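Novice: Protein chains in written order, with this note's numbering: chain A, 16 to 568; chain B, 16 to 568.
Derived from the structure by calculation, the hints contain no laboratory data.
Bear in mind that the values here come from a model prediction, so they are computed numbers and not experimental data.
Treat the hints loosely; a few may be bogus.
Since the list can't tell identical chains apart, any single copy or any two copies may satisfy a pair.
Said to hold, decoys possible - Pairs of lysine-lysine, DSS-like flavour, derived with a Cα cap of 27 Å: (1) Lys17 - Lys69; (2) Lys289 - Lys313; (3) Lys315 - Lys498; (4) Lys394 - Lys39; (5) Lys69 - Lys20; (6) Lys554 - Lys172; (7) Lys39 - Lys20.
Number of protein chains: 2
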Amino acid sequence: MKIIKGFQADLNVNYQLNVINLMKHAIRNYSRQEIVSRNLDGTLFRYTYSDAYKRMQRLANSLESIGIKVGDRVGVIVWNTYQHFEIYFGLPGMGAVMVTLNLRLAPQDLAYVINHSGINYIILDEDLIQIVESVVPLCEGLKGFIIITEKDQKEIKSTLKPIYFYEDLLEKASPNYDWPNLDENSAYAACYTTGTTGRPKGVYYSHRNVYLQAVMFAAHFSMSVNDVIFQMVPMYHVLGWSKPLAASYMGAKLIFSGNWNLNDLEELTNIFVKEKVTVSAAVPAVFMAMLEIIRMMKEKPDLTGARLICGGSEPPIALMRGFWDETRAEIIHSYGSTELMAITTLNTFKPWLEKELSEEELWNLKKKQGIIVSGLDIKIVNKNGIELPHDGKSSGEILVKGPWVTESYYNAPQTRESFTETGYFKTGDAGCLDSEGYLKITDRIKDVIKSGGEWISSIDMENSLMSHPSVLEAAVVGISHPKWDERPLALIVLREEYKTTTKEDIREHLSQTFAKWQLPEDILFVDKIPRTSVGKLDKKVLRIEYQDFYTMK
Amino acid sequence: MKIIKGFQADLNVNYQLNVINLMKHAIRNYSRQEIVSRNLDGTLFRYTYSDAYKRMQRLANSLESIGIKVGDRVGVIVWNTYQHFEIYFGLPGMGAVMVTLNLRLAPQDLAYVINHSGINYIILDEDLIQIVESVVPLCEGLKGFIIITEKDQKEIKSTLKPIYFYEDLLEKASPNYDWPNLDENSAYAACYTTGTTGRPKGVYYSHRNVYLQAVMFAAHFSMSVNDVIFQMVPMYHVLGWSKPLAASYMGAKLIFSGNWNLNDLEELTNIFVKEKVTVSAAVPAVFMAMLEIIRMMKEKPDLTGARLICGGSEPPIALMRGFWDETRAEIIHSYGSTELMAITTLNTFKPWLEKELSEEELWNLKKKQGIIVSGLDIKIVNKNGIELPHDGKSSGEILVKGPWVTESYYNAPQTRESFTETGYFKTGDAGCLDSEGYLKITDRIKDVIKSGGEWISSIDMENSLMSHPSVLEAAVVGISHPKWDERPLALIVLREEYKTTTKEDIREHLSQTFAKWQLPEDILFVDKIPRTSVGKLDKKVLRIEYQDFYTMK
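Throw the hints in and build the complete structure from the sequences for me.
Specialist: As structure tokens, then:
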């Protein structure tokens, strides 16, 4: 879309929206605000924004001292810790690009990301050494590794080299750093998507993108210095859904969850209650488990005023209602993706709807994805690209445009079809908008399986199955799962001559290209797979036939 | 300051932060939100954002139809009305620059602004025709006048020509307009300062400036669709201190105060209470009068949650305390200027200070100008430009930089000294910052007394003198001194009943708060102190009258 120049107000065009300017504010006004971080042993580390800022400066000096330059891409494979927070500012603040590496990716995909982005250094947690070691043989251009550990350096055994130690570097570096005045369109971070077919695709967020989204987030969540943000969403997952940056903008207290899984949720829930958390985010499965833990508590915590962002998939009414009834915390449904920088819609009410709708209607409304946040443009189009009315019925593909929405993938000309000529990102999701602006996702344009907030491509898995010599036909569908939202189910027609092939054989074959968590929950050998009239796998029929397969077990 | 380019994230550089993108959001999600406007006869006009948006589009079409083009400057001399709100978007949205004209300027100054900015059309309220008629003979380049009136056109008598009528134009125009994708650095509006000596100076705000400040404002006031904004600050005064734009960003309800003066405050206070206003702004004198009206009410209104921004000068503790005690509304002290786009500091508390300070200390803290809003840089420098520590004592000139802070005046090369080489605006105010980031204004730089390389605040000394029971009026000015550069001279009008008070009495009183070297070289008892037309101490006259007082001795 052509940009029209008006009367040029050249009176302020130089100020750059970069994240160091954002952090400087927190330091000037809120240097005493607390930051908490959960250690590996479950204890809590505490320091202040002021302490963090000194270490960010030490980090910037350290990175320069080992040869990292403005524009370099640096891989980061780290849990939700205070060091990760320091990296969020110290690394892009000195001009390098923070490439957040998803530690759940399969080695080939991880290596692809490292090579495609041109990473030269990797910062990693000590307990993730093996993951990095496994991809190094597949990578070119890696010059060094910075390990974060509390252990004695001599205890660390690794084939990686050269190795630097994070704390060691920081200790030797000066706590004063003269930040460069970075152009706001410089890349701040890169996240790679894994949702659809083919190779991961790189989304490069600029400082401006990140800055603008942080301010939007602070405004939409009425964030202030009185808020306590619990960072549970992995910080390698779309920048932890923006919260560390938005919290810094308003000087809010931050709590980092450390390395955790579902077994740690009782501990995390206790931290939540004890530290009086007011803002957090997670996928429905996590909040569901937390609700169960809260229900077991003798004394129900009062979480009045807490806003819990629930994304990844649709939160059940029982979850939202349960949290409200037990704790007075509000679950706010949100929709997004890597290309959209996570927070795209928020399901919040309007005063007139609260008057007009019954309580039941309001709870049903809360199931929708919500209204799109200020600053973004949205439209629903039919397959010819014609915009559909906002009538709550007309369903089409969801297109989004805005100051932090990707307009192209990095170095991937073959992906141009994911974007319109007027700069909209085609989400691949189908949905409708009602007259009040609430978005409802009705279907997935692409057959993607959403498992615990992560995506698994059914098409990729089918292709892999078909490459096994025993397989004649294969289909993979996402089936509702009580814990993970969806899990893949594979259906296979074996060739006559290979009828003795076992589930284990298939699983082993898939393991070569898929991470363990991506493997199908179950594999069924069938005589026939239903197909549509044009011969395509009829996934609709399969989904209906097997809809209770994982829930009934 | 040199801008450093990092790894270019050219993946989203096209989205423009212009106000039409901001308004489109309000329309998509909050089209039913109400807008209220006080008519000349005191009745209230009501419509919705949706209605307003149709009229904004009609306005844009109208302006084009009479020949206004992208980049043209259009003067606006209109009260706080819904039409003014339509102009805030319709006029800059089509690419012209809205030059807000201060209807209280002297004709020569108004004509200077019109000529300097190159205005070709003026939009005006019918009751302001005489002001415009008086300046037309002094102006070149005026091509037409658009009059807003509810009267019959035949009743309008004017020498202006050609005349168009706002409602007439809108009625004939289409309610659909294809907004240009305006470059964010295009000028949105121009405001001219009148604060200091010499000609008014033009500050041109770009769309980006205005957009970013609106979002910051929404974030800092936790604004939402549930808020009710009462626009009392004149909309020609630094864009009404941002509120119409911030309100649109979050879809908040807006109330426009119409044409009002202090005599209308009872009516405005009633609107305030009846419409359940949650955010407003004014100078202390206005809130003081409103508080008196509230005190007379039989039933005290409950304004819990209301945030009242008080700027222009320091609000007395009695005012802040009075509002809190009577209504539970919070007065928030703010500091700013045209060059800073009004809202620069806000006096809000931090949780740790609320724990550490006594109630009395907190009330005293509220007198300071507050902490600078997120996104702006501030520093305090001595006369050599060296930054001073944030110790709550070291006073120097306040410099500010940020995404909406002016870096130069329009077409005024002689004003370059108002800005530093690194892009800071020199406010001309003296102040200090404490370790928590709270700013305290101590004086205007030109009113500061420079004695032997040290500064003495004339305002502090005047306040101290005024606290002496014998003193009715007091002024302190810096007078040239052969040895110390400048020394203070105090002028005092004594109360009738204390005419026997001596210089020594006064000196002793001052000694309680001032160091010996700061005490005035001389104290004069006078019958009268000259004042300006608006009642301020006329220090210019005093400085001239007493310029040789210390050198001739």
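Novice: Compare the structure with each hint and give your call.
Specialist: Results for each hint:
1. Taking the shortest alpha-carbon separations for Lys17 and Lys69, only the inter-copy value of 24 Å comes in at or below 27 Å, while the best intra-copy value is 44 Å.
2. In this assembly of identical chains, Lys289 and Lys313 lie within 27 Å of each other by CA distance solely inside one copy; the values are 15 Å within and 45 Å between copies.
3. For a Cα distance limit of 27 Å, the shortest separation of Lys315 from Lys498 inside one copy, 24 Å, qualifies, whereas the shortest one across copies, 54 Å, does not.
4. For a Cα distance limit of 27 Å, the shortest separation of Lys394 from Lys39 across copies, 12 Å, qualifies, whereas the shortest one inside one copy, 37 Å, does not.
5. When the C-alpha separation of Lys69 and Lys20 is checked against a cutoff of 27 Å, the pair qualifies only between copies, where the shortest distance is 24 Å, while the shortest distance within a copy is 42 Å.
6. In this assembly of identical chains, the alpha carbons of Lys554 and Lys172 never lie at most 27 Å apart, being 43 Å within a copy and 76 Å across copies at closest.
7. Only between protomers do Lys39 and Lys20 lie at most 27 Å apart by alpha-carbon distance; the minimum there is 20 Å, versus 32 Å within a single protomer.
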